[in-house]
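Number of protein chains: 2
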Amino acid sequence: MTYAKAGVDINKVQAAHRVLARKLETTFRTRRGKIGHPIFPIGHYAGLINMGHGQVLSLHVDSVGTKVIIAQMMKKYDTIGIDCVAMCANDLICTGSEPIAFLDYLALSKPNPALVDEVAEGIVEGAKQAGMAVVGGEMAIVPDLLSEVGIDLVGMATGVCSKEDLVLGDKVRKGDVVIGVASSGIHSNGLTLARKVLLRNHRLRERIPELGRSIGEELLEPTRIYVKPVIELLRRIEVHGLAHITGGAFTKLGRVLSQANLGAALDNSPPMPGIFRLIKKEGRISEREMHRTFNMGVGFIVICPQDEADRVIRLFKKNSQQAFRLGRAERKPGIRVNGVRVN
Amino acid sequence: MTYAKAGVDINKVQAAHRVLARKLETTFRTRRGKIGHPIFPIGHYAGLINMGHGQVLSLHVDSVGTKVIIAQMMKKYDTIGIDCVAMCANDLICTGSEPIAFLDYLALSKPNPALVDEVAEGIVEGAKQAGMAVVGGEMAIVPDLLSEVGIDLVGMATGVCSKEDLVLGDKVRKGDVVIGVASSGIHSNGLTLARKVLLRNHRLRERIPELGRSIGEELLEPTRIYVKPVIELLRRIEVHGLAHITGGAFTKLGRVLSQANLGAALDNSPPMPGIFRLIKKEGRISEREMHRTFNMGVGFIVICPQDEADRVIRLFKKNSQQAFRLGRAERKPGIRVNGVRVN
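Top to bottom, those sequences are chains V and U.
Just so we're aligned: 141 in the numbering used here is position 141 of the first sequence, and the numbers increase by one with no gaps anywhere.
Just so we're aligned: 185 in the numbering used here is position 185 of the second sequence, and the numbers increase by one with no gaps anywhere.
Since the hints were made in silico from the structure, they are not lab data.
Positions of the beta carbon are idealized from the N, C-alpha and C atoms, including for glycine.
Keep in mind that a hint or two might mislead.
[Claimed, not checked] List of simulated lysine-lysine pairs, DSSO-like, C-alpha gap at most 27 Å:
hint, chain 1, residue 1, chain 2, residue 2
1, U, Lys23, V, Lys128
2, U, Lys75, V, Lys163
3, U, Lys110, V, Lys110
4, V, Lys163, V, Lys128
5, V, Lys23, U, Lys228
6, V, Lys317, V, Lys128
7, U, Lys75, V, Lys23
8, U, Lys75, V, Lys34
9, U, Lys12, V, Lys76
10, U, Lys34, V, Lys228
11, V, Lys280, U, Lys128
12, V, Lys12, U, Lys110
13, U, Lys75, U, Lys228
14, U, Lys196, V, Lys34
15, U, Lys12, U, Lys23
16, V, Lys76, V, Lys128
17, U, Lys196, V, Lys110
18, V, Lys163, U, Lys128
19, U, Lys128, V, Lys23
20, U, Lys23, U, Lys34
21, V, Lys110, V, Lys228
22, V, Lys318, V, Lys128
23, U, Lys76, V, Lys12
[Said to hold, decoys possible] What follows is a list of derived Cβ distance ranges for each label pair:
hint, chain 1, residue 1, chain 2, residue 2, range
24, U, Arg207, V, Lys34, 40 to 48 Å
25, V, Lys174, U, Val19, 48 to 56 Å
26, V, Lys174, U, Lys34, 31 to 39 Å
Isolated chain V, as found in the complex:
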């Protein structure tokens, strides 16, 4: 099984993204010499625009994807809002920005105040964890656009950064340490493949001994929000690169390292969490495909000089988050996990 066969071809999606980006960037000239001029091409973790006074605004949009299907099947909508905030806020901080404001787009088949209330609960919880104010949103009742799942949830986030404090990956040096921070489970990516594989042989509410709970509960576990430790990190320790492991999984690290024309060898993967072992086994999915689709227990990556690595790991530990050395930045291009190139 591959993610492409489940309907999502990462290569095709990324190629289409590049074509789209070049076209959209022709609009940059409309802001030339004005407030709001972009300072970086499309394709990093956030759009970056110059606000004057040395201030840069970072803007990002992301969706929960098909995790809403698990919510609908489990009739439990009070945590997908956390995922929605996490998908945006964890991306924003990869530019060194502090997330400040959030908006949501909630598409529904029909007005459903109880469901909206549940979704809002998660958004509020996520926003508090990320230190963001939710300043608006759009609820669209669009019965004809949605499948019988009846819901889509998207977030838009704004962050701010001093221009000189941006972290874009260009400062990564050969030999820098790649540190992984533990994920809380599958987060919000690869759900389409996970569903196709796991629901072939199991019911969603079936308790799986290796997981210690049902598949549905495991897949619904909210995405960890890394904002607080990362903001603390940015204030106190020299950081060269940051990567949120989301769509495309470890291929995302390539986006950061390419700024410095470097690659990375990740040879110390953490033990594979139960949910990924289960998906890998039941879907007979290759190691490479797993690392191109799932976070494999690593939700966030920090790249720092060798002599800062221990301090970085301790800082996450102090914030009750487990961090570990994954590998090193190398001259050789590409991201290699246990010797296999994944991007």
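Fit chain U to the given chain V structure using the hints.
Positioned in the frame of chain V, the structure of chain U alone reads:
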């Protein structure tokens, strides 16, 4: 026929919005004393946050709604991007803000580079008209979330304003003139009702003499973008209130006038454009329901002191946009069109 019967009950939607807003506003305290603190409750045309240096950021998210269904039926996707930008940018300017940056969320059933290219063409055209840089976006391939229409298109916009230049409606005075600016057609609201009414008796490609073209062509006409004349207006003329006539149509004016505890009597409606005459007749829809659902030829409203009205109208004319006196702000609450209260 009413919009509620077509699946969208404006009263229910607005009530749900209010409950949601109060809940989301509990997150405002996370930014207390920090950059990015909200300066206005949720519910105006944009979320407003304080960026320091006297600068306010305005943030808004909006979707094209079911206009994508017309695009799909007509196999023509190159203008819905203009609608997407218009829905966001026309809302942002209602706070006195200058739109600066745009992101899109495009949900698709399957990767389709040709379709994406067409959509991007409209987004680029809209962004250029609105003077915004498109700094990113998300393309989600979510086959299981979408109906057979296979597409949803959402925009997120950022604007900027000096704090003292915000236009929120609180400065509107009794006797101020309500000026309407011509729409380019149905824009991006009421499409669900329009489709249900018109496609009962007609095919989409049927040429309608009163419209001078087919129903599909008429419904796909891109939403007019009012940014350029309105920004010029804000720089040169005293403006007390601004309203984009979108979802909920003329009830939206209530949002602005309520800031000054005033209402409005609109007794000089422009001649009803052909598309609205057709929908009204074939759907046997009341005048009141029409004004709660459709722009009725008025896409944007400016409220200004009596002695500025002629200058406002001339400024739009200079920008090739037709503007006309619709009525007056009054002590009596509510929005009345030809004596009928619509909100």
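How the hints compare with the structure:
1. Lys23/U to Lys128/V: holds, 12 Å
2. Lys75/U to Lys163/V: violated, 44 Å
3. Lys110/U to Lys110/V: holds, 24 Å
4. Lys163/V to Lys128/V: Distance ~26 Å between Lys163/V and Lys128/V Cα, so the pair holds.
5. Lys23/V to Lys228/U: holds, 23 Å
6. Lys317/V to Lys128/V: With Cα atoms ~21 Å apart, Lys317/V and Lys128/V stay inside 27 Å; holds.
7. Lys75/U to Lys23/V: Holds, at roughly 21 Å.
8. Lys75/U to Lys34/V: violated, 37 Å
9. Lys12/U to Lys76/V: holds, 23 Å
10. Lys34/U to Lys228/V: Roughly 15 Å between the alpha carbons, so the hint for Lys34/U and Lys228/V holds.
11. Lys280/V to Lys128/U: Roughly 47 Å separates the two Cα atoms, so the pair is violated.
12. Lys12/V to Lys110/U: holds, 10 Å
13. Lys75/U to Lys228/U: violated, 30 Å
14. Lys196/U to Lys34/V: violated, 45 Å
15. Lys12/U to Lys23/U: holds, 17 Å
16. Lys76/V to Lys128/V: Roughly 20 Å between the alpha carbons, so the hint for Lys76/V and Lys128/V holds.
17. Lys196/U to Lys110/V: holds, 17 Å
18. Lys163/V to Lys128/U: holds, 26 Å
19. Lys128/U to Lys23/V: holds, 12 Å
20. Lys23/U to Lys34/U: With Cα atoms ~21 Å apart, Lys23/U and Lys34/U stay inside 27 Å; holds.
21. Lys110/V to Lys228/V: violated, 36 Å
22. Lys318/V to Lys128/V: At roughly 19 Å apart (the allowed maximum being 27 Å), Lys128/V and Lys318/V satisfy the hint.
23. Lys76/U to Lys12/V: holds, 23 Å
24. Arg207/U to Lys34/V: 40 to 48 Å: Hint holds: Cβ distance 44 Å, inside 40 to 48 Å.
25. Lys174/V to Val19/U: 48 to 56 Å: holds, 55 Å
26. Lys174/V to Lys34/U: 31 to 39 Å: holds, 37 Å
Going through the hint list in order, the structure does not satisfy hints 2, 8, 11, 13, 14 and 21.
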